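> Just so you know, the protein sequences line up as chains A and B, in that order. Position 230, counted from 1, in the first sequence is what my numbering calls 230; the numbers after and before it change by one each time, with no gaps. Position 400, counted from 1, in the second sequence is what my numbering calls 400; the numbers after and before it change by one each time, with no gaps.
Treat the hints with care, as some may be off.
[Said to hold, decoys possible] For lysine-lysine, the following DSS-like pairs were computed, each having C-alpha atoms within a straight-line distance of at most 27 Å:
#  : chain 1 : residue 1 : chain 2 : residue 2
1  : B       : Lys418    : B       : Lys394
2  : B       : Lys290    : A       : Lys66
3  : B       : Lys91     : A       : Lys261
4  : B       : Lys91     : A       : Lys131
5  : A       : Lys198    : B       : Lys90
6  : A       : Lys125    : B       : Lys396
7  : B       : Lys394    : A       : Lys125
8  : B       : Lys331    : B       : Lys372
9  : B       : Lys35     : B       : Lys94
10 : B       : Lys90     : A       : Lys320
11 : B       : Lys94     : A       : Lys261
12 : B       : Lys290    : A       : Lys125
13 : A       : Lys323    : B       : Lys94
14 : B       : Lys372    : B       : Lys396
15 : B       : Lys415    : B       : Lys396
16 : B       : Lys396    : B       : Lys418
17 : B       : Lys353    : A       : Lys261
18 : A       : Lys131    : B       : Lys299
19 : B       : Lys421    : B       : Lys435
20 : B       : Lys84     : B       : Lys11
21 : B       : Lys35     : B       : Lys228
22 : A       : Lys131    : B       : Lys418
23 : A       : Lys66     : B       : Lys372
24 : B       : Lys306    : B       : Lys128
25 : B       : Lys228    : A       : Lys66
26 : B       : Lys94     : A       : Lys320
27 : A       : Lys325    : B       : Lys396
28 : B       : Lys91     : A       : Lys66
29 : B       : Lys91     : A       : Lys320
30 : B       : Lys94     : A       : Lys198
31 : B       : Lys94     : A       : Lys131
32 : B       : Lys94     : A       : Lys325
Please keep in mind that the hints were generated in silico from the structure rather than gathered at the bench. These figures come from a predicted structure and were not determined experimentally.
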Amino acid sequence: MILSLLNPYSGQGFFSFMKVGFLRLIQFFQGHLSLKTLAPDELQILVLSLIALSSAIVGVFLIHRKMTMLANALSHTVIFGIVLTYLILRKSFELIDPTLSFKVMFLASLVTGVLTAFLSQLISKISNLQKDASIGLVFTTFFALGILLITLFSKNSHIGIDMIMGNVDALHYKDLTSIFYMLGCNLLIILLFMRGLKVSTFDPIFSKLAGFSPTLFNYLIVLQLSLTAIGAFRAIGVVLVLSFFIVPPLAAHLYATSIEKQILIASFIGVISSYLGVSLSRHLLTHYGLALSTGGLTVLCLYAVYFLNRLFYQAYRGYKNRKAKLAAENFTFIKQD
Amino acid sequence: MIHYFLDPILKAPTIGCIAMCLVCSLVGVLIFIRKESLLGETLSHAAYPGIMLAALLTLLPSVKLPLTLCILIGAGLFSYLALKLLDLSKKRLKMSPDSALSFVLTLFFGLGITVASLLQNTYSLLYKQALVFLFGQAATITDPYMYLSISLAVLVVSVILFFYREIQITNFDPIFAQTIGIRTQRIDRLTYLLMVASIVIGIRSIGLFLLSGMFIAPAIAARQWSHKLHRMFIFSGIIGALSGFLGIYSSFELSVAFSKGGHSLSFATGPMIILTSSSITIFSLLFAPKQGWVSRFLKIVTFKFKCTQENILKSLWHFAQQTDLGVAPQKVWNYQSIPRISSLLVTLYLYLKGEILRNKSLIMLSPSGRIKAQNIVRLHRLWELYLVHIGVGKEKVHHNAEEMEHIITPHIEEKLLKLMKHPTKDPHNQPIPLKEPAL
Chain A
1 MILSLLNPYS GQGFFSFMKV GFLRLIQFFQ GHLSLKTLAP DELQILVLSL
51 IALSSAIVGV FLIHRKMTML ANALSHTVIF GIVLTYLILR KSFELIDPTL
101 SFKVMFLASL VTGVLTAFLS QLISKISNLQ KDASIGLVFT TFFALGILLI
151 TLFSKNSHIG IDMIMGNVDA LHYKDLTSIF YMLGCNLLII LLFMRGLKVS
201 TFDPIFSKLA GFSPTLFNYL IVLQLSLTAI GAFRAIGVVL VLSFFIVPPL
251 AAHLYATSIE KQILIASFIG VISSYLGVSL SRHLLTHYGL ALSTGGLTVL
301 CLYAVYFLNR LFYQAYRGYK NRKAKLAAEN FTFIKQD
Chain B
1 MIHYFLDPIL KAPTIGCIAM CLVCSLVGVL IFIRKESLLG ETLSHAAYPG
51 IMLAALLTLL PSVKLPLTLC ILIGAGLFSY LALKLLDLSK KRLKMSPDSA
101 LSFVLTLFFG LGITVASLLQ NTYSLLYKQA LVFLFGQAAT ITDPYMYLSI
151 SLAVLVVSVI LFFYREIQIT NFDPIFAQTI GIRTQRIDRL TYLLMVASIV
201 IGIRSIGLFL LSGMFIAPAI AARQWSHKLH RMFIFSGIIG ALSGFLGIYS
251 SFELSVAFSK GGHSLSFATG PMIILTSSSI TIFSLLFAPK QGWVSRFLKI
301 VTFKFKCTQE NILKSLWHFA QQTDLGVAPQ KVWNYQSIPR ISSLLVTLYL
351 YLKGEILRNK SLIMLSPSGR IKAQNIVRLH RLWELYLVHI GVGKEKVHHN
401 AEEMEHIITP HIEEKLLKLM KHPTKDPHNQ PIPLKEPAL
């Protein structure tokens, strides 16, 4: 009750949500509000948007390199890394434990991420297997180990669910810092290695000749991927972060003419969907009394934006085609004259 | 172990698990040869909203079906829907197969999470019942469910047996299949239907998060043991059923073994089954007779060992042409391109075998070693001659002959001799030693 009194957004609908947000934004710029007094809804929007920005950067490359199922595999194995870290640093087995430092989790995720990518490549190379199959073998094994460890060392057998599905409503102010770190790392990598990433994505052979090792950049992407997955797992879980990786870049793919533009458009779409998701969740709670998962709703919003975008694009293409046809007819008409 | 099949409480989980794993691993071979191994991952995750929605639907007064049946129908329906959407996004939305798989996966998963949160917040008892299908709970499988999975297993096996020819031709040569009148699209559809059916049955024991492992691992393992499709099916089925049984066995036994002191540890069945099948697969990857890493590694090592032996004998033979007194081993080893220590070991081996004799600190060939060395030199010079015969320059033939001398079989040697009309001199004008019978 106290919480709902403190939260300025409780009891708001979809449109009044926007109004309250806008007013609070003005207050913030006037200096009446500080970052420490963020309302839970604002925190959610902020966290989801930052995740969307990070994953747009990584996702665009994933799409072009056809690595999204590897991303899926990584997001599963990261669980194993997290569980192992908990076991090693165990004080009490509380899974959602904000005291576990970001650094440790970061390290664990990096190790498991790179290990997954390395092992699946190794197996497919040595045993001459399809890449899909070796990825599947590695990640299901790690994932099974992770789930086994969770069920073994925690009394609650279904505690893994929070990890897989995330819980936006349990976000803490401290989470912002780790997500800022994650975005900073991603931005730094992209600024430093943009050329190499681009070249190794679109023309691996040329990139080898030009001195950008495709394998090295492959692992750089894997690194970014596990970093982003670990940053996002508290908010939206390890499976749903995959949708942030792929849906905005796919939507942006229709319009973008360059990688930079695709990243920008994808981030825009991700941020818009995060806002829509959170406000929709609030709206449903206020007017229909439905307490739905904000993470899930945000993902559904992403897909809604994708399909609307697609429809709009097709209508636009149809209009352009008709115009072009008309112009062509007029042209032949004039010629005949 | 037998009591797992007889005990009234353990019978249903054991037999049910074995049947499910058998079905999944057989269907796994089908998707493995279609190179769509990760399809299982997407389709099994897609069942999630189906499970949750079906659980919600049972609240309606007009729905009279039991919860489990409702959930199974819902799961199947949504898996099938995902299949259709996958097709659509590849064809109409023009995504790469990889993107399409994850696109569909997260769409259904997001939907599932949204519905699940509704269920969790309002009807938490129902939610707990539905959770069984996410992580699997083999221990609570009942008799009717066991019969259901057995009948499905029988169905899948008979479908594969009945359509074996069509499946084989369609997957390996679709164009040929069409020309001889097989409706390939029907076979494809049949494959996917089997897949959906096995997902529906499998989620109860392994859970939808881990189920995809059962489609992948046994097929990979089976591939290591055989190249033939029918053998792959048989091996995969055996491995699947075995890991189903071992999974449930180890899960029960370990849980009992570790639960003696006041606190209990439970080894979940789903992960244990997956871990068992993964271990079998890793074992196969390592030790399968033809393709296994270890056997291939051993093959390479034995070949290198043989080459080094022959090289050492050969260099000793060359030294023997100059002097009868023997030669210091270091001098011989300088000619080898391998580490000193391996040369030393191989020399020691040859000494023990009696092909090298020792004269204080010098070594020389024994009569049997001399015959072996002569044969190698013979093959070397014969091959050089042959290369010149087919038009390779004289100065280029040595290096190729260095490699071929270890590979030429007696049969090829005979053919070469016949072709060159039993020559006596090689291209560098050196004598080709005659073949002497072994001592």
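> Evaluate each hint against the coordinates.
Hints, verified against the model:
Using a Cα cut-off of 27 Å, the hinted pair Lys418 of chain B and Lys394 of chain B holds, with the two alpha carbons roughly 21 Å apart. Distance hint between Lys290 of chain B and Lys66 of chain A is unfulfilled; the C-alpha atoms sit about 32 Å from each other, more than 27 Å. Note on Lys91 of chain B and Lys261 of chain A: the hinted pairing holds, with a Cα-Cα distance of about 26 Å set against a maximum of 27 Å. Restraint check: the Cα-Cα separation between Lys91 of chain B and Lys131 of chain A comes to about 23 Å, which is no more than 27 Å; the hinted pair holds.
Restraint check: the Cα-Cα separation between Lys198 of chain A and Lys90 of chain B comes to about 25 Å, which is no more than 27 Å; the hinted pair holds. Taking the CA atoms of Lys125 of chain A and Lys396 of chain B, the gap is near 34 Å; set against the 27 Å cutoff, the hint is violated. Between the alpha carbons of Lys394 of chain B and Lys125 of chain A the distance comes to roughly 39 Å, so the proposed pair goes past 27 Å and is violated. Pair hint Lys331 of chain B plus Lys372 of chain B holds up; C-alpha atoms about 20 Å apart against a cutoff of 27 Å.
Our distance criterion of 27 Å between C-alpha atoms is met by Lys35 of chain B and Lys94 of chain B, whose separation comes to about 19 Å. Restraint check for Lys90 of chain B and Lys320 of chain A: the C-alpha separation of about 24 Å stays at or below 27 Å, so the hint holds. For the hint linking Lys94 of chain B to Lys261 of chain A, the alpha-carbon distance of about 20 Å falls within 27 Å, and the restraint holds. Restraint check for Lys290 of chain B and Lys125 of chain A: the C-alpha separation of about 16 Å stays at or below 27 Å, so the hint holds.
Among the hinted pairs, Lys323 of chain A with Lys94 of chain B is consistent with the structure: their alpha-carbon atoms are about 24 Å apart, no more than 27 Å. Note on Lys372 of chain B and Lys396 of chain B: the hinted pairing holds, with a Cα-Cα distance of about 25 Å set against a maximum of 27 Å. Restraint check for Lys415 of chain B and Lys396 of chain B: the C-alpha separation of about 23 Å stays at or below 27 Å, so the hint holds. Between Lys396 of chain B and Lys418 of chain B the alpha-carbon distance is near 23 Å, which keeps this suggested pair within the 27 Å criterion.
Proximity of Lys353 of chain B to Lys261 of chain A is assessed by CA-CA distance (about 72 Å); at most 27 Å being required, the pair is judged violated. Using a Cα cut-off of 27 Å, the hinted pair Lys131 of chain A and Lys299 of chain B holds, with the two alpha carbons roughly 25 Å apart. A hinted pair counts as satisfied when its Cα atoms are at most 27 Å apart, and Lys421 of chain B with Lys435 of chain B qualifies at roughly 15 Å. Of the pairs offered as hints, the one joining Lys84 of chain B and Lys11 of chain B is violated, with about 37 Å between alpha carbons and a cut-off of 27 Å exceeded.
About 16 Å separates the Cα atoms of Lys35 of chain B and Lys228 of chain B, which keeps this hinted pair within 27 Å; it holds. Simply put, Lys131 of chain A and Lys418 of chain B have alpha-carbon atoms about 49 Å apart, too far for the 27 Å limit, and the pair is violated. Pair hint Lys66 of chain A plus Lys372 of chain B does not hold up; C-alpha atoms about 56 Å apart against a cutoff of 27 Å. Annotation: proposed proximity of Lys306 of chain B to Lys128 of chain B is violated, straight-line Cα distance about 65 Å (limit 27 Å).
Pair hint Lys228 of chain B plus Lys66 of chain A does not hold up; C-alpha atoms about 31 Å apart against a cutoff of 27 Å. Taking the CA atoms of Lys94 of chain B and Lys320 of chain A, the gap is near 20 Å; set against the 27 Å cutoff, the hint holds. For the hint pairing Lys325 of chain A with Lys396 of chain B, the CA-to-CA distance comes to about 67 Å; that exceeds 27 Å, so the pair is violated. With a C-alpha separation of about 17 Å, the suggested pairing of Lys91 of chain B with Lys66 of chain A holds against the 27 Å cut-off.
Only pairs whose Cα atoms come within 27 Å are accepted, and Lys91 of chain B paired with Lys320 of chain A is accepted, the gap being roughly 22 Å. Of the pairs offered as hints, the one joining Lys94 of chain B and Lys198 of chain A holds, with about 22 Å between alpha carbons and a cut-off of 27 Å not exceeded. For the given pair, Lys94 of chain B sits about 22 Å from Lys131 of chain A by alpha-carbon distance, which is consistent with the 27 Å threshold. Our distance criterion of 27 Å between C-alpha atoms is met by Lys94 of chain B and Lys325 of chain A, whose separation comes to about 24 Å.
In the structure shown, a violation is registered for the earlier hints numbered 2, 6, 7, 17, 20, 22, 23, 24, 25 and 27, in ascending order.
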